[in-house]
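Those protein sequences? They're chains A and B, same order as listed. For what it's worth, our numbering labels the leading residue of the first sequence as 19, then goes sequentially. For what it's worth, our numbering labels the leading residue of the second sequence as 6, then goes sequentially.
What the hints contain is simulated information worked out from the structure, not anything from laboratory work. If a hint is listed, it holds; no wrong ones were tucked in.
Label-pair ranges, simulated between beta-carbon atoms:
{"#": "1", "chain 1": "A", "residue 1": "Leu58", "chain 2": "B", "residue 2": "Gly279", "range": "48 to 56 Å"}
{"#": "2", "chain 1": "B", "residue 1": "Glu206", "chain 2": "A", "residue 2": "Ile91", "range": "49 to 57 Å"}
{"#": "3", "chain 1": "A", "residue 1": "Ile140", "chain 2": "B", "residue 2": "Pro226", "range": "47 to 55 Å"}
{"#": "4", "chain 1": "B", "residue 1": "Gln150", "chain 2": "A", "residue 2": "Pro67", "range": "46 to 54 Å"}
{"#": "5", "chain 1": "B", "residue 1": "Leu196", "chain 2": "A", "residue 2": "Ile90", "range": "52 to 60 Å"}
{"#": "6", "chain 1": "B", "residue 1": "Ser101", "chain 2": "A", "residue 2": "Pro67", "range": "26 to 34 Å"}
{"#": "7", "chain 1": "A", "residue 1": "Pro67", "chain 2": "B", "residue 2": "Arg73", "range": "20 to 28 Å"}
A partial selection of chain B residues facing chain A, derived with a Cβ cut-off under 10 Å:
{"#": "8", "residue": "Tyr24"}
{"#": "9", "residue": "Phe31"}
{"#": "10", "residue": "Val32"}
{"#": "11", "residue": "Ala39"}
{"#": "12", "residue": "Thr41"}
{"#": "13", "residue": "Gly43"}
{"#": "14", "residue": "Asn44"}
{"#": "15", "residue": "Ile69"}
{"#": "16", "residue": "Thr75"}
{"#": "17", "residue": "Phe77"}
{"#": "18", "residue": "Gln78"}
{"#": "19", "residue": "Ala82"}
{"#": "20", "residue": "Phe84"}
{"#": "21", "residue": "Ile88"}
On a predicted model such as this, the values are computed, not experimentally measured, just so you know. Here a beta-carbon is modelled for each residue, glycine too, at the ideal position from N, C-alpha and C.
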Amino acid sequence: MKNIFYSLRNLSNRYKKNNRIIDGNTTVKDVVYSVVLGLLKSILWILLPSLLLYNLSIYPFIYQLMPIWIYIIVNVFIYLSIYYYYKHLKLRVNEIKDLNTKLLLNMEFMFSLFVTTIILIIFLSFV
Amino acid sequence: MVNLHMKNKRLKFVLIFLYIAVAVLFVLPSNFQAITPGNVTNVDTVFELKDTETSDNFFTVSVISYFRVTHFQKFLATFDKRIDLSKRTEYDESLSFSDTVKQGKISKESSINSSIIAAYEFSRKYQEENHLTHIDPISIDYVYQGFITYYATNYLNIGDIIVKINNQSFSDYATQLEYLRSLIQTKDTILFTLDDGKMIEIKESTSFIFYPKYLIEKTIPQLEVQKALLASGGPSGGMIQTLSLVASLLKLNLQDLKIAGTGTIEMDANYTIGQIGGILQKTHTVIKNKMDYFIVPDYYRTSLDIEAIEMRKLSDKIKIIYVTNLEEAMERLVDIYEEHIL
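Based on the provided sequences and hints, a complete structural model is requested.
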């Protein structure tokens, strides 16, 4: 809890100071770009398997396992998004020794994902 | 170096093309609809009788409907004989998805209310005729409100309630239906009065499908309907819901027997059991869920669907009982009771 508090304060200070975060070279624009690209790439990866499963759901035994398929696909989507996010930021989580930075990265990603989901829900409710 | 770059570009282009082609194949809808086997649901999850034990021996059978399958699904369906694939009719095309959901809810609600009325009226009569003094009094107070529109090509909307025809009110569904049929036959003018007072004159021949709309005011023993469970649609659970309530009201203890059934309950003098869709898929569902008996409308004794069931020797795996009306269904139920319990 203490770590999260310090990390949040740290993140806030870095934004305030020079619009540079994490290592002092990555801009907010880079983060947004990485999140969008990460999401798009993971959508491309999971789109075909999801559509294939939807089509196969006409078979009763596949249909009955639908909750499991959906769970697997959502998880793969989240992990792929995180992977591409780090990849585009040219960072590897395992290479980052500093716990605070790791935490910051994850929090940034989860926050971006949360905002994207909210936007998507609002958009879908209007369609 | 340049060649390698060009090759990579070409490969990427081919991959993107393939990706889009496969995605289109998976998404493009065909002009076909499909019905596949579904599940069984215990009727005691819908009805709960206060101070009386609700029978847990009866199960409704559902199927899964795909309103418009993709071309790939249509191709897959040809490999599974349990899946019924049919071309969408003009009637299907005239309905949107939300119309179909609305229709499902209307027919389900009507079938639930019809089941309650039929079960209470039938049980009361059965109790009187057979002098079943050990059973508590059974009674029901309800009001017939009129037709609820299930389908209409024009003039009416799905869900409209018709309380009067040519300024005449009706106390029951059968009389109102008979009156409307006579007007259609003689090609007389038809004037519908809706529940909000709006009047609609039918000037040309058109097709309608109506369901009865009832308001149940009081039941003894008190009955609670779990409205949250009315999410699925369709009237096909009518007969088995009625039988389940009758068994509960008459305290017919069927121990561990599992009886599934399908067929509508018609609100005529005999409570006729009406036809339903997807009988073959329902039979597969019942077999898979290891039911002891499957009660179906007598219509299917000679229909092509049952021929298909016989051909696949499905009837060897389940005891199928054919019934025409509620009284016959009750007789068969007593036979089952005498065979297994007594």
